[in-house]
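A.B. asks: Residue numbers (my numbering), protein chains in the order written: chain A, 1 to 384; chain B, 1 to 348.
These are computed hints drawn from the structure, not numbers from a lab. Predicted model only: the values in this text are computed from it and were never measured. Keep in mind that a hint or two might mislead.
Quick list of in silico lysine-lysine cross-link-like pairs, DSSO-like style, CA-CA up to 27 angstroms [unchecked claim]:
#1 A:K347 with B:K197
#2 B:K35 with B:K161
#3 B:K263 with A:K347
#4 A:K275 with A:K83
#5 B:K253 with B:K263
#6 B:K38 with B:K298
#7 B:K298 with B:K118
#8 B:K298 with A:K83
#9 B:K127 with B:K298
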Amino acid sequence: MDSLSWGQILSQIFLLFWPVWTGMLLIFAISIFTKERTGLYGRLFDSPIGMIGFAVVMFWALTAVFADLIVTFDSLQQLSGMKNKPPGTPARGYEGQYFLLGGDNLARDVFSRVVMGSRTVLSIAPAATMFAFMMGITLGLAAGYFGGRLDTALSFLANLVLAFPVILLFYLLVTPEIRVTGIPVFMAAVLFVFPVVFFVILINSRTYTQPVKRNALVAITLVAGAWAYSGLAFNMDPLGIFYMDPNLLNIFVSVVFVNSPTVFRIVRGLTLDIKTRDYVAAAQTRGEGPWYIMLWEILPNARGPLIVDFCLRVGYTTILLGTLGFFGLGVSPESPDWGSTINEGRKLLSVFPHPAVPPAVALMSLVLGLNLLADGLREQSLRD
Amino acid sequence: MGKFIINRCGIMALTILCLTFVVFFLTNLHPNLEKLAKTQANMRMTDDQVVTWLESRGYLQPLFIRYGEWLGVVPSFLQTSEDGRQRGRCVRPGVPSEQTSRYCGVLQGNFGFSTVFKEEVSDIVAKRLALTGWLMFYVMIVMVPTALVVGVLAGMREGSKTDRSLSTFSIATTATPEYVSGVIFIAIFASSAVGLKWFKGTATSAMDEITFANFTLPVMTMALYGMGYIARMTRASMAEVMTAQYIRTARLKGVSFHGIVLKHALRNALIAPFTVIMLQFPWLLTGVVIVETLFNYKGFGWALVQAASNNDIELLLGCSIVAVVVVLLTQLISDIGYVYLNPRIRVN
Chain A
1 MDSLSWGQIL
11 SQIFLLFWPV
21 WTGMLLIFAI
31 SIFTKERTGL
41 YGRLFDSPIG
51 MIGFAVVMFW
61 ALTAVFADLI
71 VTFDSLQQLS
81 GMKNKPPGTP
91 ARGYEGQYFL
101 LGGDNLARDV
111 FSRVVMGSRT
121 VLSIAPAATM
131 FAFMMGITLG
141 LAAGYFGGRL
151 DTALSFLANL
161 VLAFPVILLF
171 YLLVTPEIRV
181 TGIPVFMAAV
191 LFVFPVVFFV
201 ILINSRTYTQ
211 PVKRNALVAI
221 TLVAGAWAYS
231 GLAFNMDPLG
241 IFYMDPNLLN
251 IFVSVVFVNS
261 PTVFRIVRGL
271 TLDIKTRDYV
281 AAAQTRGEGP
291 WYIMLWEILP
301 NARGPLIVDF
311 CLRVGYTTIL
321 LGTLGFFGLG
331 VSPESPDWGS
341 TINEGRKLLS
351 VFPHPAVPPA
361 VALMSLVLGL
371 NLLADGLREQ
381 SLRD
Chain B
1 MGKFIINRCG
11 IMALTILCLT
21 FVVFFLTNLH
31 PNLEKLAKTQ
41 ANMRMTDDQV
51 VTWLESRGYL
61 QPLFIRYGEW
71 LGVVPSFLQT
81 SEDGRQRGRC
91 VRPGVPSEQT
101 SRYCGVLQGN
111 FGFSTVFKEE
121 VSDIVAKRLA
131 LTGWLMFYVM
141 IVMVPTALVV
151 GVLAGMREGS
161 KTDRSLSTFS
171 IATTATPEYV
181 SGVIFIAIFA
191 SSAVGLKWFK
201 GTATSAMDEI
211 TFANFTLPVM
221 TMALYGMGYI
231 ARMTRASMAE
241 VMTAQYIRTA
251 RLKGVSFHGI
261 VLKHALRNAL
271 IAPFTVIMLQ
281 FPWLLTGVVI
291 VETLFNYKGF
301 GWALVQAASN
311 NDIELLLGCS
321 IVAVVVVLLT
331 QLISDIGYVY
341 LNPRIRVN
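Just chain A, same shape as in the assembly:
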């Protein structure tokens, strides 16, 4: 069998992504059809930049979802004789199958690894950013609204973490030795409390005037929260649904820890600004509690900048995860995530550039998509 030309490689790859194209077509058709009724999300489709960004992000999100349908080989399978073979080489022993983007130095299919890698990246980055936001919002609102000693102490702590070079922090926090001491579990125990606390306060402050409804909702949140908490932080979920690999927990916790001070600072700044508005004074005069004002008056009015920052921060978290992989920290060497694939490929970069370039381009396009999406959202949210 002959090797494929570049045109054939690209058209084969294009065809393999059919579930993604179908999904994107559907999402775009529905979104554009209903854009009058979906608020900020709908207005995104008025800005070309926002639409491009959204398309790229959706592409990778759907790739992560349909990764099993797209891959041509198992991402860990090693085929003898395929070591460092150039893109388009026929797979030995598989009639009519090709290593579309070549083989890496362990004779695995680069294309399948990049596709599977999207799953690792997209399952950690948005979730970690979400947790960082929960923590940053809860503490930032309180620091900005109450001010005083609480603000001074929290701001000092946030600046302390921010003064740390990120790499040094990762080298100290993401090691097998640290895992033995149980520090990641301890940090998870502290960090993972914040989402539960956030939702309980959110519901309680809204419904405390209707005790029956309040009790029911808070009880549901607490049970669900405690269930997820026990599984994620301590790996003690009685039903075994919530589970996090210790390696993954270590990375997750460190990324949340690095991200939350910045979110804290943004939320604190926004709160200080919004606190002086008339509607906050009106709520205070009505006799609303401080947490009601924070979560139901201030937070909704700060959503624009926060949504934009969320998109940017998912991109930044993706870069951070890549950095971790690049230094070989945390993730197992088998893992197909983009950072560690780049790291593995760079050792032979000047001789065989093909294993390192596809994950690099993938990571870049995802972050670029997120940045463009954030830009489009900012443009549209400033319009009114």
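With chain A held as given, fit chain B onto it using these hints.
C.D. replies: Positioned in the frame of chain A, the structure of chain B alone reads:
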């Protein structure tokens, strides 16, 4: 102003104290010490041997005492063996045992001894920082003017085609971390298989002599990532200035567009990017670690990685002091500079 600076220096000292303690705590966890003992002495030591090794070097004293020793406020660990030979952090070859000083920590100007490089920490840090200084110098020379020009060109006519394309370019550079652009650059410009072979893919030889061939790629890789952010800030600031009243007045007076941009807008538009450029230094620090690892340039970032992966406690502490001082000092300079550049702001 004086009070403000003193206040900030106080906070800086407190921050350094807290951060070094955190680093000290994390590097002195028992598994880390065990790793240190095994890499230093023998990989196949038994647990008892590890304990003996650590004990004989004073690693098993309480944490606060050891931190005090490192700071120089607690007398240092000193052990005299039967033949009268001393062992401890104050012992120096060639100095008779009676003259060995009791305190030798950071306050006495002694930053300790690196277990990886077998050298004084202060020597290593100075040597490596000098190398990184060159890298930073060239990065700044490339990055700052390019970013400012791109930002001013984009912001001077908001919404134009130039603006759109330059803004997209800046977003693209901020979305490309160093390890991605570095890999792509090496593949394009330095790969011996398919590339253009213009530059070298490693910067090891740049440690002795910086040439165009061996230093272009690392400098380009680092400058590109930081550039987009500065350019976007400059663009925003320039676009804002261009809508100001005095620009309209100048226009109505009949000043040419060139004249407006160069004489009226530029100076006011460059205040905001100054802060951003200063705050970019801490970012560059992370970039330095990645780029130096990727291009094998043995500067400060490389030393940090070596120290961290070998749990070299005292070198890591030295490195973190430098890093923290850089971060906080640039914050201070940016605050002070901002006051001087913008007379409307006063520090109380």
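A.B. asks: Each of the hints needs a verdict: does it hold here or not?
C.D. replies: So, going through the hints one by one against the coordinates:
{"no.": "1", "hint": "A:K347 with B:K197", "in the structure": "holds (17 angstroms)"}
{"no.": "2", "hint": "B:K35 with B:K161", "in the structure": "violated (58 angstroms)"}
{"no.": "3", "hint": "B:K263 with A:K347", "in the structure": "violated (51 angstroms)"}
{"no.": "4", "hint": "A:K275 with A:K83", "in the structure": "violated (61 angstroms)"}
{"no.": "5", "hint": "B:K253 with B:K263", "in the structure": "holds (14 angstroms)"}
{"no.": "6", "hint": "B:K38 with B:K298", "in the structure": "holds (25 angstroms)"}
{"no.": "7", "hint": "B:K298 with B:K118", "in the structure": "holds (16 angstroms)"}
{"no.": "8", "hint": "B:K298 with A:K83", "in the structure": "violated (31 angstroms)"}
{"no.": "9", "hint": "B:K127 with B:K298", "in the structure": "holds (10 angstroms)"}
In summary, the structure is inconsistent with hints 2, 3, 4 and 8 from the numbered list given earlier, while agreeing with the others.
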